[in-house]
Amino acid sequence: QLQLQESGPGLVKPSETLSLTCTVSGGSISSSSSYWVWIRQTPGKGLEWIGSVFYTGSTYYKSSLKSRVTISADTSKNQFSLKLKSVTAADTAVYYCARDEGVAVAGTQIDYWGQGTLVTVSS
Amino acid sequence: SSELTQDPAVSVALGQTVRITCQGDSLRNYFASWYRQQPGQAPILVMYGRDKRPSGIPDRISGSRSGNTASLTITGAQAEDEADYYCSSRDSSDNHVVFGGGTKLTVL
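Taken in order, these protein sequences are the chains called A and B.
Just so you know, the first sequence maps onto residues 33 to 155 in our numbering.
Just so you know, the second sequence maps onto residues 754 to 861 in our numbering.
Next comes chain A alone, as it looks inside the complex:
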């Protein structure tokens, strides 16, 4: 059974960089059928895709966040990471890491999710 677990600080100061890591167990992030994704959810609001990484290192970012986001994969540790710089209060959200098995599907198939971690941006 694949499991994903987010880790990182729960509190980040404005203008600083939010850094989260997702550790994957029970499967390999080197799968050619999977994207590894970061999604966030502002309290009381909907889901927002932040970006995805393929095991080859190819990355895809939401246009409105692209200038601030870096997602990378470390296949040796079976982890992938999110860095979001210059954060503001608007970046306060629950951040989820997940697997999108949609490489072979004409659509998305986000079938495994981490439990989510709340990151608050505040001084």
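Please note that a few of the clues may not be correct.
To be verified - Computed cross-link-like contacts, BS3-like style, restricted to lysine-lysine with a CA-CA straight-line distance of at most 30 Å:
no., chain 1, residue 1, chain 2, residue 2
1, A, Lys-94, B, Lys-857
2, A, Lys-94, B, Lys-805
3, A, Lys-77, B, Lys-805
Hints listed in this document are in silico derivations from the structure and should not be mistaken for laboratory results.
Place chain B on chain A using the hints.
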């Protein structure tokens, strides 16, 4: 980038059938996937591809697509179906992912 539009709220009487819809141009080229989210929990996948259900999802939940609209149908709604439902798909222009704004389903 593409957008997906969902009705903010839908209600259904216990045991009746409800359809939740998702509209967007990307759905002409890509299938939608659907997620159920209970309060305080991570979303779970309930439908993807051409009417495919992950294991453990009952067959009273089904999906369909017509033109730029995808639908999730719940037959014989149960109390445990009360949740927020989100649709998702690929953006038509690249490998980006898009989500709908979510539909809050109330079972009366």
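A quick look at each hint next to the structure:
Taking the CA atoms of Lys-94 of chain A and Lys-857 of chain B, the gap is about 25 Å. The hint holds against a cut of 30 Å. Only pairs whose Cα atoms come within 30 Å are accepted, and Lys-94 of chain A paired with Lys-805 of chain B is accepted, the gap being roughly 27 Å. Distance restraint check for Lys-77 of chain A and Lys-805 of chain B: the Cα-Cα separation of roughly 27 Å lies within the 30 Å cut-off, and the hinted pair is therefore satisfied.
Checked against the numbered hints given earlier, the structure satisfies every one of them.
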